[in-house]
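Trainee: Letter by letter, the chains look like this.
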Amino acid sequence: MRIRLPRSARVRVGLGVFLFFCLVGVIGPWIVTHVMHTTAEHSDFNAVAAGPSWHHLLGTTTSGQDCLAQLLEGARGSVFVGLLSGFIAMALAALVGVTAGFTGGITDRLLNAFANVVMTLPSFILLIIVAGYINSPSILLSSAIIGLVEWPGGARYLRAQAMSMRGRDFTTALIAIGESRWRILVVEVMPHLTGIISAMFLRAVVAGVFAQAGLAFLGIGGSTVSWGFVIGAAQQHGAIGLGLWWWYVPPGLCIALLGTATALVNFGVDEVSNPALRNASSGVRKAMKRAERELAARRSQETEGATA
Amino acid sequence: MTVADQNPPSVRTGSPVLEARGVSCAFGQRTAVDDVSLALYPGTITALVGESGSGKTTLARLFALFYRPSAGEILLDGKPVSARGRKVDYYGQVQMIFQDPFSSLNSLKRIRHVLSRALAVHGKASGRRETDAKVVEFLERVSLTPGSQYLDKYPDELSGGQRQRISIARSLSVEPRVLLADEPTSMLDASIRVGILNLLRKQRDEEGLAVLYITHDIASARYLADEICVMKDGRIVERAPTEQLITDPQHPYTQQLLAAAPDPSRTAWASNPEGEVR
Ligand SMILES: Nc1ncnc2c1ncn2[C@@H]1O[C@H](COP(=O)(O)OP(=O)(O)OP(=O)(O)O)[C@@H](O)[C@H]1O
Ligand SMILES: [Mg+2]
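Order-wise, the sequence lines are chains A and B. If you count by the numbering used here, then the first sequence holds residues -13 to 294, one letter each, in order. If you count by the numbering used here, then the second sequence holds residues 253 to 530, one letter each, in order.
Heads up, a few of these hints could be off.
[Stated by the list, open to error] Partial pick of chain A residues on the chain B-facing surface, computed with a CB cut under 10 Å:
no.	residue
1	T89
2	I92
3	T93
4	R95
5	T157
6	I161
[Claimed, not checked] Okay, the calculated bits of chain B under chain A, using three or more residues with CB under 8 Å as the criterion:
no.	stretch
7	296 to 308
8	384 to 393
[Claimed, not checked] Label pairs and their in silico Cβ distance ranges:
no.	chain 1	residue 1	chain 2	residue 2	range
9	A	L43	B	F354	42 to 48 Å
10	B	T397	A	L96	26 to 32 Å
11	B	D485	A	P108	31 to 37 Å
12	B	S334	A	L96	22 to 28 Å
Hints are computed from structural coordinates only; laboratory data are not their basis. Glycine is no exception: its CB is placed at the ideal position from the N, C-alpha and C atoms.
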C-alpha cells in the first residue's frame, strides 16, 4: 500500500485550485454584499477608471464600478455555467457512450452514429448560432446549450472504454453467473469508469467556462455577470487602449488558472500508475485509484484516442 | 453415430446431464468446432485434451452458451437449450471456471460481493447474515479457511491460487450440476495445481458433479479424469476411459500426444498425489 505523494501532488494542487474557484463561485457574491458592502453594478463616481487602491483593491471600470466586485460576482456566473454544463455533458456522454459500448450491436451503431454526427458539427459556431438565436439566454439555458454540444467527445471515449470492459473475462464470468446485463453495467462496470468520468468532468467544466466566456465576450451570453462578460465589457469600453489592465487581466487570469488546474489534474491522472491507493480515505483518492486502474488497463489494451 | 457411442466407457452412471449433439462453430472462414458430440455424466470428470487451437475453449463456450452453434444443439437433461434470452436457470445448472484467475474477478469488488451476488441471483440465500454464513461455507469448502477472513478482501490482495479458489467457490455456490473448467490451473504455479485438481475431484465425489476438465497437460488429465477425449482440428478423434486411453491409444494423434508428454511417473501428479493444498 504505497502512496506516491509527489505524483499526486499535481493532482492535489490542481484540485485545490479548482475547488477554490468553486468556493469563490459560491461565496463570492456574498462577500460582495456583506464584506465589501457594494454590488457589481454600483458606480463610484469619485473613482472612475482608477487603478488599484485600498479603496478599490482591483481598481474600477470607466463607469466607476469595482473590478473586484465584478470578478467575485462573475465567478458565480462562470463557475456555475461551467459546472452545470459539465454535468450535463458528462451525464449524456456516460449515458450514450457506456450504453453503446457495453451493449454493442445495433444500439451501439445507432448511438455511435448519432455521437459522430453531433461531433462533426462545429460546436462553438453552433453555440454562437443557438445562443444568438435565443437572444440573451438565462444562466440555466446557457448551461444546457453548452452541455448539449459538448458531450460527443466524451461519449466516444467512454464507448471505447466500455467496449474493452465488455471483452474482459470478469464481465463474461458475471454473465455466466446469470447476472443481468444492466446490473453488470451499473454495479460492476461503472465503478471502473468513475475515475475517468470524474477527470473528464473536470475538463468539461473548464470547457464550459471557456465556452461561456466566449459567448459572453461576444455579447450573446445573456446579461449574467461572468468573467467573459467583464472582459467583453472592458473591450467595448476600450480598456486595452486606455491601459486599464486591472479591468481585463484578473478575469482572464482566473480563466487561465482554471484551465491550468484541470491540466494539472489530467497530467497527474496520466502519470500515476501505482494501483495501491486503496487505503487512502478521501473520496478523491478513491476516484484517483479507480482512474489509475483504468489507465493501466487502457495502456495495456490500447484503445482509441482522447476526447476532442 | 458419435465417437462417444463407439466407446462407451464403463465409468458412466445414468443418463447425461449436459450434451452437445453435432455442434459446429465457425469464426469467419475458420471452423473452430466441427460436428462435435460430447456428453457429460454426473459424478464423472471428462478431460478434453488437444493442442492449442484445436477448439477446446470454443467447445466449452458453446456449452456455456456464449456462442450459438452454427449446427447441432446443446441439451440439458435431454432437452434442447434455447440460446435466447436470459439464461439464469441454465446457469443455475451449468457453471464455468475461467483460465485466468487474474481477470475473471472484478478487481473493484470484495470477495463478499463476488460470492453473495451468485447466491442472490440464484436465490440461494437472503438477508445479510444468512448470505455471509453461506459465503463463508463455500469459501471453506474450497479450503479458504477461515472463510470470514476473506470476506472483506479484494481479489488483488490474494494469490493466483486463492483467486482461482474464489472463482470455483463462486461457481459452486450456485450448486450446479455441471462444471466447465477451461484450463483452471494453467495460469497457476505448479505447486498449487494439485490442490485445485483435488478440489474438483472432491466435488465430483461429494456432490456428484459432472466436470469438463480442459487441459493441455495429459498427465493432469490422467491424474484427475475418469475419461479422456482427444480433440484435434475441431473434432473429437478419440474418447476412452482414462487408463484405456493411456495404455492403448487408438488414434495416431493420441499416440503422438502421449509420446510427447513427459513420463507420468516423473510428474507431480504421480509422485505427489495428495499435493499441497495451497
Ligand atoms: N472469438 C474468436 N474469434 C475468432 N476466432 C476464434 C475465436 N475464438 C477462437 N477462435 C479460433 O478458433 C480456433 C479454436 O480456438 P480455441 O480457443 O477453441 O482453441 P483451444 O483448443 O482452446 O486452444 P488453447 O489450448 O490454446 O486454449 C483457433 O484457431 C482460434 O484462432
Ligand atoms: Mg483454450
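Trainee: Against this structure, judge whether each hint is valid.
Mentor: Structure-based check of each hint:
1. T89: At about 14 Å, which exceeds the 10 Å cut-off, the nearest Cβ of chain B leaves the hint on T89 of chain A violated.
2. I92: violated (16 Å)
3. T93: For T93 of chain A, the interface hint is violated, since the closest Cβ of chain B sits about 17 Å away, which is over 10 Å.
4. R95: Since the shortest Cβ distance to chain B is 20 Å, the answer is violated.
5. T157: Holds: closest Cβ of chain B sits about 8 Å from T157 of chain A, inside 10 Å.
6. I161: holds (8 Å)
7. 296 to 308: violated (count 0)
8. 384 to 393: Violated, because only 0 residues of the stretch 384 to 393 of chain B bring their Cβ atoms closer than 8 Å to Cβ atoms of chain A.
9. A:L43 x B:F354: 42 to 48 Å: Given a distance of about 59 Å, which is not inside 42 to 48 Å, the answer is violated.
10. B:T397 x A:L96: 26 to 32 Å: Violated, since T397 of chain B and L96 of chain A (Cβ atoms, about 51 Å apart) do not stay within the stated range.
11. B:D485 x A:P108: 31 to 37 Å: For P108 of chain A against D485 of chain B, whose Cβ atoms are near 55 Å apart, the range 31 to 37 Å is violated.
12. B:S334 x A:L96: 22 to 28 Å: Cβ of S334 of chain B to Cβ of L96 of chain A: about 27 Å, so the range 22 to 28 Å holds.
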